[in-house]
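**Q** Below, each chain spelled out in residue letters.
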Amino acid sequence: MNEQDKHIVPTKTFVSVWIVLLMLTAVTVTVAKADLGAFSTFTAIMIASIKAGFVLWYFMHLKYEKRLLKLLLLVPIITLAVIIGLTFVDVWYR
Amino acid sequence: MNDIAQTASPHKDYAGSKLGMWLFLFTEILLFGGLFLVYSVYRSMYPQDFHAAAAGLSVVLGTVNTVILLTSSLTMALSISALRRGNSRRSVLLQSATIVLGLVFLVNKYFEWSGHIHEGLYPNAPELLTRSHGEILFYGLYYVMTGLHGIHVVVGLVLIGIMLTLTMRQRITGADYVKLENAGLYWHLVDLIWIYLFPLFYLIT
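Chains A and B are the protein sequences, given in the same order. In terms of the numbering used here, the first sequence is residues 6 to 99. In terms of the numbering used here, the second sequence is residues 26 to 230.
Hints in this document: simulated from the structure, not taken from any laboratory. Just so we're clear, the structure is a prediction, and the values are computed from it rather than from any experiment. Take the hints with a grain of salt, since some may be wrong.
[Stated by the list, open to error] List of simulated lysine to any residue pairs, SDA-like, C-alpha gap at most 20 angstroms:
#	chain 1	residue 1	chain 2	residue 2
1	A	71	B	47
2	A	38	B	86
3	A	38	B	85
4	B	43	A	67
5	B	204	B	86
6	A	38	B	79
7	A	38	B	229
8	B	43	A	38
9	B	204	A	38
10	A	75	B	79
11	A	38	B	88
12	A	68	B	50
13	A	68	B	84
14	A	75	B	203
15	A	71	B	79
16	B	43	A	77
17	B	37	A	70
18	A	38	B	84
19	A	75	B	46
Excised from the complex, chain A in its bound form (with noise of 0.2 angstroms):
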């Protein structure tokens, strides 16, 4: 039971969070009208994941869990990175 007590997030810490996804979202929105031309993908996916980055760090939790459960994360996105490779090796070479 006692490791269930611990870390109560302030409401301060969430809102800041909050604050952070909802400019980063205006970023993307106002970034994604410029013309970047083939760094536009790549900046919307690099956005889209520091965002992604708060909701597990802060809203998941995960800054606060013990470390087994952060390198657990790691299995799926390598495993998604291998298959995605995978397959454009595949596509681009064929």
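Chain A is fixed; fit chain B onto it per the hints.
**A** Structure of chain B alone, referenced to chain A:
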């Protein structure tokens, strides 16, 4: 049942509950990951068509729904903090706010989808079939991916509704809140997936 089983307090495994929820969320990430894979391959094959088709989506509606989901994640996270500080009334209010925001998201989605359907842009529609191959694929993926996400929103709302009832009945308390936390994790995952869906469908330039 013997006496010992009846008098002993039920076994709770906080870390195990949470780990189990995370393992389930990993399968959800891979489920949507498969769809993102299909999306990215077709987009790399038909970049112009995807660009043209995406112009038909409303950036304003997409942005509004993004803000709504992000805010609902905030109220969900705050409801857990409130409960853990012993303020279950505040937690109930924040959970209700999360549900309301989720419903508003779905209402927006309803208007968005019915708008497209009126324009004749639904799978296998005669109007859509006159368009290029890539645009047909774009709208197919749009309906499947935002549709599957929408189902997740509905499931999340039902889960939070159950948590709300349990909190009001004092079955979820500041001392035993792992159910609420796991429902919250699910809701944040729904938000997480939308964070990627939004730029990939609405913001193609």
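**Q** Confirm or reject each hint.
**A** Taking the hints in turn, this is what the structure says about them:
For the hint pairing residue 71 of chain A with residue 47 of chain B, the CA-to-CA distance comes to about 13 angstroms; that is within 20 angstroms, so the pair holds. Only pairs whose Cα atoms come within 20 angstroms are accepted, and residue 38 of chain A paired with residue 86 of chain B is accepted, the gap being roughly 16 angstroms. Restraint check for residue 38 of chain A and residue 85 of chain B: satisfied, since their Cα atoms lie roughly 13 angstroms apart, inside the 20 angstroms limit. The suggested pairing of residue 43 of chain B with residue 67 of chain A holds, with an alpha-carbon distance near 11 angstroms, which does not exceed 20 angstroms.
Only pairs whose Cα atoms come within 20 angstroms are accepted, and residue 204 of chain B paired with residue 86 of chain B is rejected, the gap being roughly 32 angstroms. Proposed proximity of residue 38 of chain A and residue 79 of chain B is supported: the alpha carbons are some 13 angstroms apart, at most 20 angstroms. For the suggested pair residue 38 of chain A and residue 229 of chain B, the alpha carbons sit about 9 angstroms apart, so the restraint of at most 20 angstroms is met. A C-alpha spacing of about 41 angstroms is found between residue 43 of chain B and residue 38 of chain A, which places the hinted pair above 20 angstroms, so the restraint is violated.
Taken as a hint, the residue 204 of chain B and residue 38 of chain A pair is broken in the structure, with Cα atoms around 42 angstroms apart against an allowance of 20 angstroms. Using a Cα cut-off of 20 angstroms, the hinted pair residue 75 of chain A and residue 79 of chain B is violated, with the two alpha carbons roughly 36 angstroms apart. Between residue 38 of chain A and residue 88 of chain B the alpha-carbon distance is near 13 angstroms, which keeps this suggested pair within the 20 angstroms criterion. With a CA separation close to 17 angstroms, the supplied pair residue 68 of chain A and residue 50 of chain B stays within the 20 angstroms bound.
Between residue 68 of chain A and residue 84 of chain B the CA atoms are separated by roughly 32 angstroms; this puts the pair beyond 20 angstroms, and the hint is violated. Distance restraint check for residue 75 of chain A and residue 203 of chain B: the Cα-Cα separation of roughly 18 angstroms lies within the 20 angstroms cut-off, and the hinted pair is therefore satisfied. Between the alpha carbons of residue 71 of chain A and residue 79 of chain B the distance comes to roughly 41 angstroms, so the proposed pair goes past 20 angstroms and is violated. At roughly 13 angstroms between alpha-carbon atoms, residue 43 of chain B and residue 77 of chain A fall within 20 angstroms of each other, so this suggested pair holds.
Taking the CA atoms of residue 37 of chain B and residue 70 of chain A, the gap is about 18 angstroms. The hint holds against a cut of 20 angstroms. This hinted pair checks out: residue 38 of chain A and residue 84 of chain B have alpha carbons roughly 11 angstroms apart, not beyond 20 angstroms. Between residue 75 of chain A and residue 46 of chain B the CA atoms are separated by roughly 14 angstroms; this keeps the pair inside 20 angstroms, and the hint holds.
Hints 5, 8, 9, 10, 13, 15, counting from the list given before, are not met by this structure.
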